[in-house]
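Undergrad: Residue numbers (the UniProt record's numbering), protein chains in the order written: chain A, 1 to 242; chain B, 1 to 242.
Keep in mind the hints are simulated off the structure, nothing from the lab.
Worth double-checking, as some hints may not be accurate.
When chains are identical, the list treats them as one kind, so a pair holds in a single copy or across two.
Derived lysine to aspartate or glutamate pairs resembling EDC-like cross-links, with alpha carbons at most 20 Å apart [claimed, not checked]:
{"#": "1", "residue 1": "K151", "residue 2": "D237"}
{"#": "2", "residue 1": "K33", "residue 2": "E51"}
{"#": "3", "residue 1": "K115", "residue 2": "D15"}
{"#": "4", "residue 1": "K179", "residue 2": "E160"}
{"#": "5", "residue 1": "K151", "residue 2": "E26"}
{"#": "6", "residue 1": "K33", "residue 2": "E196"}
{"#": "7", "residue 1": "K127", "residue 2": "E163"}
{"#": "8", "residue 1": "K115", "residue 2": "E163"}
There are 2 protein chains.
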Amino acid sequence: MNLILLFPDDFTHGDTVCLRDRRRVEHILRIQKAQSGDRLRVGLVNGLMGEALVTETSADSIHLSVHLQYRPPPASPISMILALPRPPMLKRCLQTISALGIKELILLQSARVEKSYWQSPQLREEKIREELVLGLEQSCDTRLPNVRFAKRFRPFIEDELTEHVATRQALIAHPYASKPCPHGQTAPCVLAIGPEGGFLDQEIEAFSERGFTGVTLGERILRVETAVPYLLGRLSDLLPDC
Amino acid sequence: MNLILLFPDDFTHGDTVCLRDRRRVEHILRIQKAQSGDRLRVGLVNGLMGEALVTETSADSIHLSVHLQYRPPPASPISMILALPRPPMLKRCLQTISALGIKELILLQSARVEKSYWQSPQLREEKIREELVLGLEQSCDTRLPNVRFAKRFRPFIEDELTEHVATRQALIAHPYASKPCPHGQTAPCVLAIGPEGGFLDQEIEAFSERGFTGVTLGERILRVETAVPYLLGRLSDLLPDC
């Protein structure tokens, strides 16, 4: 937790904040070992970042006086369409995606995604938000990614995909594509990543017909949680992204 | 496990292999659901890759007839010097590093590495090898990375670092460096990555004095397990790497 993320409910009045949840209180007291008079790096969810003065601590609450003054880092220009990973992998992917500044994520059904994954408690709104918050707190950002579910492949592809491609470059990571994944994209871009085992050929075709270019990372088969940061490292240009 | 990695001891005679360890046997029977007559993708550790015909299975053994015929994917031209991560993070980093084709890894002590990490059972030779094997089996490669420990920072820097830089570009990832991390390195390169919290300024200086260039990934603070694939994605050129 390199930044304490604050929510509107944390504010008692004006710039005064009282934290009472165990996660943040324990982190600040036990890991950061903060005491009255110390300053912490904070950010308001979807808002500015700044500093907080610790004014009072007890075993289960911390009072802060907050001064928010600068913008969070720029968002990544990359939107991601990700075939829904296995729940434990999803957890780590959400943290990574959030930490790397992605602000638009669509979790997609595909033939090789087990339908049962959609029933996982990991997909509850509050669980997803928890992982996204961890990513923001790690990387020092405040803007929560927008996560949507596309639980049916065909309707999503047929009814919605075109709008995602309209003004952006569209790439689909595919081991058998002949074109290597490009480096350093500065323009907005949408990137689709398949499930373990990959998209089916006809799924790849459905993307291609709507303007997606297949790009490869080479012959190595990567786990989704490795492929996501690896692809984002390749695609990202430092200036707009970080 | 996209490839079954074989070891010289697995061969009973000629091209005949008998697997008896639970990990591989269970994977082949339960996950791959292989039966006599099926073909599996295999590779000999540090050797060729190819196909194996399943000739006999029982609950606790599998007999294979192996035909090794093609080379593993090219190695990454990147060598890595990594400040020793926390043991659970090390586990994942080793898998990622191995999956991404890195063949030379030095785990380094640095001021912000807790000394107790060096006592972790995770650092036993067989545990490290286990994680590296998982990475190779994931990405379909056979060549085990060479992992060395540098348990004392100064002696390593003073006595050994120069030889690592002699013929290669040398980069050190550092959040406060002004130069963005380059894209698509095709030439051999050595990359140093600090611990959580970063290298100390004087440690960065020690690297710089020996020819390392500081490169930044931007203002976001990444976990080591995210930074490793992100950096490798940026640095790797697809042709020699994958």
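Undergrad: Which of the listed hints are broken here?
TA: Violated hints (numbers, rising): 1, 3, 4, 5, 7 and 8; every other hint is consistent with the structure.
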